[in-house]
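So the protein sequences, as listed, match chains A and B. For the record, in the first sequence the residue sitting at position 157 is 157 according to this note's numbering, with numbers rising by one throughout. For the record, in the second sequence the residue sitting at position 503 is 818 according to this note's numbering, with numbers rising by one throughout.
Worth flagging that the hints you see were computed from the coordinates, not collected in a lab. C-beta: ideal position from N, C-alpha, C; glycine also. Please note that the accuracy of each hint is not assured.
In the DSSO-like style, the derived pairs of lysine-lysine whose C-alpha atoms are separated by at most 30 Å in a straight line are [claimed, not checked]:
| id | chain 1 | residue 1 | chain 2 | residue 2 |
| --- | --- | --- | --- | --- |
| 1 | B | Lys380 | A | Lys128 |
| 2 | B | Lys399 | A | Lys231 |
| 3 | A | Lys129 | B | Lys332 |
| 4 | B | Lys701 | A | Lys9 |
| 5 | B | Lys518 | B | Lys451 |
| 6 | A | Lys231 | B | Lys403 |
| 7 | B | Lys515 | B | Lys350 |
| 8 | B | Lys811 | A | Lys231 |
| 9 | B | Lys795 | B | Lys759 |
| 10 | B | Lys389 | A | Lys312 |
| 11 | A | Lys251 | A | Lys9 |
| 12 | B | Lys399 | A | Lys129 |
| 13 | B | Lys403 | B | Lys518 |
| 14 | B | Lys451 | B | Lys389 |
| 15 | A | Lys312 | B | Lys701 |
| 16 | B | Lys380 | A | Lys129 |
| 17 | B | Lys451 | A | Lys312 |
| 18 | B | Lys349 | B | Lys451 |
| 19 | A | Lys128 | B | Lys701 |
| 20 | B | Lys350 | B | Lys332 |
| 21 | B | Lys380 | A | Lys231 |
| 22 | B | Lys451 | B | Lys403 |
| 23 | B | Lys399 | A | Lys128 |
| 24 | A | Lys128 | B | Lys403 |
If you want the footprint, here are the derived chain B segments under chain A, 3+ residues with CB under 8 Å [what the hints assert, rightly or not]:
| id | stretch |
| --- | --- |
| 25 | 405 to 411 |
| 26 | 685 to 699 |
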Amino acid sequence: MGYFEFTIKRFISAATTLFIASIAIFSILRLIPGDPAVIILGEAATEASIQAQRERLGLDLPVHHQYLNWLSGVLTLQMGSSIASGTDIAEYVLARYPRSMALAFSSLFVALSIAIPAGVVSATNRNKKYDYITLVATQVGISFPQFVLGIFLIMTFSASFGVLPSSGYVSPFDNFVGFITHLALPAITLGLINAAVLTRFVRSEMLEQLNEDYVRTAYAYGLNSNFIERKYVLRNALAPALTVVGLQFAKLMGGLVIIEEVFSYPGMGVLILDALFARDYPVLQVGLLVVAGTFIVANFVIDLLYGWLNPKIRY
Amino acid sequence: MNEDTLLQVNELKTHFKIDRGDVKACNDISYAIKKGETIGFVGESGAGKSVTGRSILNLIDSPGKIIGGEIIYKGQDLLNMTEKEIQKIRGNEIAIVFQDSSTAFNPSYTVGEQISDVIQNHFDMEYEEARERTIKLLDDVNIPNPRERFETYPHQYSGGMRQRALIALALSCDPDLIIADEITTGIDVTTQAKILNLLKELKKERDLSMQFITHDMGVVAEICDRVAVMYAGEIVEIGPIQEIFNNPKHPYTMGLLGSLPQTSGAKEELESIPGNMPDLIETPSGCSFRDRCEFATEECAQHNPELEELVTNTNSTNHKSACIRVNEINWNNGRETNKDTSSNGSRRDTNYLNKDEDPLVDVYKLKKYFDPEGQSWVDMLLNGRKYVHAVDDVTLNIYEGETVSLVGESGCGKTTLGRTITQLYNEDSGTVLFAGTDITDAKKSELRKLRRNYQVIFQDPFSSLNPRRTVGKIIGRPMKLHGLVDTEEEKRDAVKELLVEVGLKESHIDRYAHEFSGGQKQRIGIARALAVEPDFIVCDEPVSALDVSVQAKVLNLLMDLQEERNLTYLFIAHNLEVVKHISDRVAVMYLGEIVEMGPIDKILSPPYHPYTEILLSSIPSLEIGEQELQNLPEGEIPSPIDPPSGCRFHTRCPYAMPECSEESPINITTNKNHRIKCHIFDENKMEGKPKSKEQIIAEQTENVDPKSNNQSISSAKNTNQSVPNPQDEKQSVGDD
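Bound conformation, chain A alone (with noise of 0.2 Å):
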């Protein structure tokens, strides 16, 4: 089959998914009762403005016409204005996607790197102390809730020490330390809660790895375990692992909103919520579709490197 084929396969399964979710996106607005000009101007508006709004909003128009009309707009970046604040909506996503992305990343980072050591090292330590100490931890780690975490951070950190601020945003453009500073706290927070599952995750995958009959062929051949532990099981190991990881982005992406809003962090995440908040329709369904069109293309990357990992999907 090969690689290439293999990634065809996945971009049409990603594209397929990608369209389905528009669709229902897209339908949300729709499915809220009532009429939408109404939700928007409100109970008290004119049926002169109320038909105006319906025009404005496209809504006269057959849905197949709508739906065709808000793709087509978001995909040039065309995608109207904010019922809240008049702005328009692709310069908000424009603005904060980046640094939504740079939290995600950050915290992915983060998480990874506990999490790849810490379990390989619980696993061939199995039962002994650093193996107890480990699943401790990450007990703790899952039970705690994101943003009492994040609050703790910021009294220990920020408002203790004084070290890391507390809140905001510097683009990395106009000072790199302080980009790296305010990305800080919110990408430790979100990337110890993920730490903690994905080492357990990792720990078992490479437990039951090294139980594999192949491993028994290694040592049989006279090779040492460090190698065999690296180069072999590490491999079989962090494939299903990477799954986990494809999964937690999902979670990953809800954490946005909350530690966003914990550490007003102005990414999508707090784009969202505000919107919700506000019935900003156009905002909330443009910001629902970049969210799981991330959702999406994440995953389907993982699949390529799940592919790479493990050369039976792709043969």
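Fit chain B to the given chain A structure using the hints.
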């Protein structure tokens, strides 16, 4: 210890510590391997053969531990070495090949890289050099296109090729000793034949010593020079192979050889060893075999016999036996491995086929296709929908009271056929008539009632019994469902009766499945099948997972039950010796089609379908001596997703003609209801061909294994009689 000895094992003790106590897997094992010698280790499961092999390289994981003995290799005691020192021996001087080739390799790296890693680990070589060496090794083990195969992954290899790649891995550092741990178990007979041929070649070329662990006596006869028979963690007999096979001097060895189907006449009761292998934790005092030994006396319980050398008048035979009564027992009452098993006296006369009776089971053009694994909608979009042609247009009849065997190699569709006939799968097209009723067309409620008449015995006794139910419930429930019993009392009584009938005890009724041994579980499976008093039973490889002595008992039981209850069997198997023993008629399957079908003596004698010929000649015989296993099929079995055009066997057939790839052959029926699906037997096709049909049949006669067909050689002049007379009616439809 003399110069010739490569490995000397003295009083090896390997124990496993579990809750109940210490499992003495190796209990004072001593033996020696000479340079260039192949020693076979036989015995049934649980005897300790694999543990012995792995102990040599100290590959015993906790809870196991080698607690005593010494293993002297080239002057050093391997058990005294540090981990680092023994790592240098592993793979480099002594290599072990494991059984399951599908899991022995790391799935994430190419085969070539894994072999190169080992080479680079032991030798100071650059990657390029190691790579070239690996490619040469792959070539040496007859893997085609070794350069390309270097870059492919284990799952892309076929089973036989993977096993050969494992052998290449074993040879990679030029070891002196190879330990082969059940490497031919679980693979097809033709693949096994190829691997044995390969090993014999390599043995000679490289002057290798081998420790060949197996439970298959036929394989031992093919390849070993000496044999050690293991029982309950000890070696009970050891000696040159001729001695062990023709002159066994231990009751267990005799029993083992006697349980083999090929040592009994067809349909005769097989000899079996009563009882089971003892618990290795609380081994009985004295001789561990005495509870099952027909020659046991009081003395046998006194002390555990040592391996004593048997001395004859002439000289030392190097044949040792651990039996204190070795000189007292009259061994000539024992086995004759060359017994004439061709006598058809006890075989069913298949005249019943010529009567106008309707068959009990009538299968017509049955088709069952599956979706291949991993086919996503995207695949179907891009490549069109593909199917696994598991069962393709199969027609066959089974008459009341007979045993029809279905043979073929793994993947040929026999299990699928058995399941589709009993409607465990819904067929895609075709009909199955049971006693005149079309069960493929029956409504669900009708089908339920009809199921009472035909039952299935499954292959794996471990997974086919519900672990959460007692034996009584497993067997009793079908009785209740079909209304054979009314009250709980009645049911329990009926179940108890049945338990005794299959050789279990009444007290077993309230036990759970996991408390029984493999053979006993299979008996429970048989009882369950019999519970509803069916007429027809599909036996899906019922003895494949069992040890040889247990197999003998279960086969005896099945044969007895058939006589008592006038049962009809469809017996699915891949072990041809078992098939030869119990069948009346045989159907040979290949890639979803039946290529030959007929009474067993017709199948075992020419004319053969080319595939049948190959199958029969691949069976290792118990005759000692260098026998080249000939006529092996070329290449690998094609995928059932894309079967070859025309005759499906043509890609591997030694007699293939051009039309074989164009047209699918029609079934040619000889008299006596023997049909072959092959162009060779079609008069029209053979006209004017370089090899006439007579020539081909004569060739088949010559190449045949003398053991499997004693008639053929003496009746070579009678060949013409078994060839269909051109004047005979030639039916072109496959109905029997």
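Hints, one by one, checked against the model:
| no. | hint | result |
| --- | --- | --- |
| 1 | B:Lys380 to A:Lys128 | holds (21 Å) |
| 2 | B:Lys399 to A:Lys231 | holds (19 Å) |
| 3 | A:Lys129 to B:Lys332 | holds (24 Å) |
| 4 | B:Lys701 to A:Lys9 | holds (17 Å) |
| 5 | B:Lys518 to B:Lys451 | holds (17 Å) |
| 6 | A:Lys231 to B:Lys403 | holds (19 Å) |
| 7 | B:Lys515 to B:Lys350 | holds (15 Å) |
| 8 | B:Lys811 to A:Lys231 | violated (57 Å) |
| 9 | B:Lys795 to B:Lys759 | holds (19 Å) |
| 10 | B:Lys389 to A:Lys312 | violated (42 Å) |
| 11 | A:Lys251 to A:Lys9 | holds (26 Å) |
| 12 | B:Lys399 to A:Lys129 | holds (26 Å) |
| 13 | B:Lys403 to B:Lys518 | holds (23 Å) |
| 14 | B:Lys451 to B:Lys389 | holds (28 Å) |
| 15 | A:Lys312 to B:Lys701 | holds (19 Å) |
| 16 | B:Lys380 to A:Lys129 | holds (24 Å) |
| 17 | B:Lys451 to A:Lys312 | holds (26 Å) |
| 18 | B:Lys349 to B:Lys451 | holds (28 Å) |
| 19 | A:Lys128 to B:Lys701 | violated (51 Å) |
| 20 | B:Lys350 to B:Lys332 | violated (35 Å) |
| 21 | B:Lys380 to A:Lys231 | holds (28 Å) |
| 22 | B:Lys451 to B:Lys403 | holds (23 Å) |
| 23 | B:Lys399 to A:Lys128 | holds (24 Å) |
| 24 | A:Lys128 to B:Lys403 | holds (29 Å) |
| 25 | 405 to 411 | holds (count 5) |
| 26 | 685 to 699 | holds (count 5) |
In terms of the numbered hints stated before, the structure departs from hints 8, 10, 19 and 20, listed from lowest to highest.
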